[in-house]
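The primary structure of each chain is shown beneath.
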Amino acid sequence: MTTSSSSLLMDVTSDANFRAWGSGIASGLQAVGLVKTSNTGQINWSTVTRGTATSGAAVSQGYEIYRLNDSLQSTQPVFIKVEYGTSVRGNSGVGGASWAAPAMWVTVGTGTNGAATLTGSVSSRIAMTHASNTQTGQPSTAAATQYSTCYFSGDTSSVCMAIGIDTTIASAASGGVFFPLPYLLVIERTRNSSGTATADGLIFLTSCWPYSDGNWTTIALQARAQTISFTGSGVGSLDTFWPFSWPGLAFGSGSIGNTVDIYPLVVVSPLPEPNALSVLGCYQGDLAMGSTIQITSLGSSHTYIGLTAIGGTDTTAHTAVDSRILTGAVLMRYE
Amino acid sequence: MTTSSVTLTFDNTSDANFRAWGSGISTALQAVGLVQTSDTGQINWTTVVRGSTSAAENIAGYEMYGFNDSLQGTQPIFLKLEYGHVIMTTNSGTAVPYLPVIYITVGTATNGAGKITAVVRNRVRLLGSSVLTSTSGSTSNGGAISASNQQCYFSGDGSYICMALGAQASLPTYNLSTGITAVASNLPCFFVIDRTRNGSGTITGHGAVTLTSYWQPTGATFVTGTTPTATCVMASFTGSGSGNSDTYWPISMPGQAFGTGSVSGDLYFWPLPMVSPTAEPQCLAVLGQYKTDVTLASTTSITVLGSSHTYLSLAGIGGTGAGSLASVNGSILSGAILMRYE
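First to last, the protein sequences are chains Y and L.
In case it helps, our numbering puts the first sequence at residues 532 to 866.
In case it helps, our numbering puts the second sequence at residues 15 to 356.
No wet-lab data here; the hints were simulated from the structure.
Glycine included, each C-beta is placed from N, C-alpha and C at the ideal position.
Check each hint, because a few of them may be wrong.
To be clear about the criterion: a stretch of chain Y counts as covered by chain L if any three or more of its residues have a C-beta under 8 Å from a C-beta of chain L, and this derived list gives those stretches [claimed, not checked]:
#: 1; segment: 755-765
#: 2; segment: 773-782
#: 3; segment: 796-808
All chains, please: the whole structure from these sequences, using the hints.
Quick look at the structure:
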């Protein structure tokens with residue numbers, strides 16, 4: 532497995548900043564094992580522009596197509612389409628619109644047409660962006676000044692990405708515009724009880740915190756989980772939470788004496804499968820943000836990094852991947 | 015271990031009808047192992063009246079029960095049930111109808127006079143609704159307001175209790191005053207308390223879980239809401255008090271996934287994890303399933319915590335389609351439960 536970490540500026544107020552942000556993510560994904568395909572029409576990070584403002588919309592400026600790179604790719608292929616763009620905060624009170632935040636979309640499929648389209652069993656297209664809306668008043672054109680910590684990991688059968696893992700949520704320099712951080716992305720094949728990837732299916736998990744109101748004042752978790760089966764059942768329903776085996780909010784901590792309870796993510800294909808290896812659940816106060824820990828999962832010791840206490844240490848922190856368990860957090864495989 | 019299957023009519027249009035469904039629940043709870051305490055002031059089912067007829071929530075009285083097992087002397091569990099009704103008003107101010115209400119409180123001690131003094135599950139509505147105001151329909155309240163018979167199941171053994179009210183395929187109906195027909199109500203209603211257990215299913219003194227779920231009526235015509243009103247609270251007997259209240263039953267289902275646990279001739283079910291706050295073996299009283307996997311009211315033998323146990327399917331309530339009322343998780347409406355029934 533391979534890891535990569537970087538600091539990215541969440542800003543698209545100029546073409547240069549847009550390219551730096553997007554290419555930074557692209558570099559991270561490729562550094563940990565995703566292979567960029569030869570599909571036509573993919574983004575050229577030297578020439579792509581941030582785009583033309585469309586008031587109150589999130590606009591894709593281009594895409595990349597990746598694939599997994601393991602022994603199963605030839606028989607159970609997995610392709611990942613990543614789109615990069617801008618969230619435009621519209622402004623009906625002042626002429627013109629401003630580009631408020633970067634935007635991403637991810638789609639997973641089992642084939643491609645060699646160009647921009649995924650084929651076969653195709654997941655939902657998941658957005659990691661602000662909600663599209665308009666707001667009267669002054670636009671915010673100020674560039675973000677805060678760099679966000681980003682982690683990537685992968686092992687040719689899986690990829691994990693965590694953008695914006697900081698104690699302070701990144702924001703624009705003025706206007707109080709916060710970005711939908713963190714973004715989390717996990718794509719992993721099913722595994723056997725020894726952790727070896729199998730041909731049964733894959734899981735696709737995303738998480739972000741977009742604005743949920745028309746005045747860009749309320750941020751709410753948007754978590755998504757979906758399974759693709761390679762055994763004839765196609766694409767599962769889209770869930771709005773990551774299905775960890777949490778006992779609910781419970782007592783708010785899995786730390787009991789000298790032990791810390793960790794919770795697995797339930798996987799089916801639709802046959803019940805061993806738990807996901809890429810992510811485990813914990814309560815956010817149980818492990819420090821950015822710290823690594825060894826956990827035995829599927830028979831072997833693996834290194835995980837804590838995606839805890841992001842933007843705070845209470846229930847307003849952006850650690851959850853289930854809106855009913857705001858004290859929850861994620862451990863991401865990082866080795 | 016004991017089970018009870020009864021039909022009850024949840025109708026508060028008269029004192030007699032109120033006594034019939036309330037005493038029916040009371041009789042069934044005691045038949046499956048709960049012991050009524052000697053707390054003073056408890057409901058007398060031969061004399062209790064249904065309460066006020068003005069628009070409001072009216073609680074007519076309570077009963078207090080205790081578990082009946084080897085741990086009751088050291089880790090006691092008491093549950094207080096309150097019975098009554100809520101009245102909806104029309105926009106003209108005329109009150110209709112009388113929708114039955116039940117509240118429950120769970121704790122580890124009582125004051126002997128109807129108050130739970132060491133609460134582990136705060137008072138929560140188990141059945142019923144807030145007072146709603148109708149904006150349509152007749153102003154007349156002269157007609158009979160009646161509900162249809164409902165299938166109800168109870169099970170327990172002195173260390174756990176399960177109750178399922180309104181567990182049937184057809185939606186319950188209420189005939190309101192002239193011009194208004196409510197096709198649904200707040201049924202089904204599920205209620206479970208189970209102690210923590212060891213890996214062999216034997217009860218331990220670590221804690222207990224309380225689970226409730228019903229469907230909140232909404233709108234001018236008192237229709238069923240679109241998601242269940244569910245709660246889960248883990249209680250600790252090892253010094254951590256009560257856990258937070260969840261708004262769903264945290265059964266470890268893989269989300270909506272493929273909508274079925276039926277794979278290649280096998281059926282898969284899902285456990286409910288328990289903590290005290292130490293991680294405990296799964297809850298024995300309930301399992302999760304998808305709503306089309308086991309026929310409503312059929313029983314299935316399933317090995318859980320090392321032994322074979324009989325479970326009753328509560329899938330298919332209100333149908334197996336989009337209108338199913340079997341879920342205990344608003345994010346997994348295709349889910350359902352199996353209730354221990356032996």
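**Item:** Cβ contact check, 8 Å cutoff: the segment 755-765 of chain Y against chain L, three residues minimum
**Value:** Coverage by chain L holds for the segment 755-765 of chain Y (4 residues, Cβ < 8 Å).
**Message:** Taking beta carbons only, do three or more residues of the segment 796-808 of chain Y come closer than 8 Å to chain L?
**Reply:** With 6 residues closer than 8 Å to chain L, the segment 796-808 of chain Y meets the three-residue bar; holds.
**Request:** With a C-beta cutoff of 8 Å, work out whether three or more residues of the segment 773-782 of chain Y approach chain L closely enough for the coverage to hold.
**Result:** The restraint on the segment 773-782 of chain Y holds, since 8 of its residues have a Cβ under 8 Å from chain L and three suffice.
In summary, the structure agrees with every hint in the numbered list given earlier.
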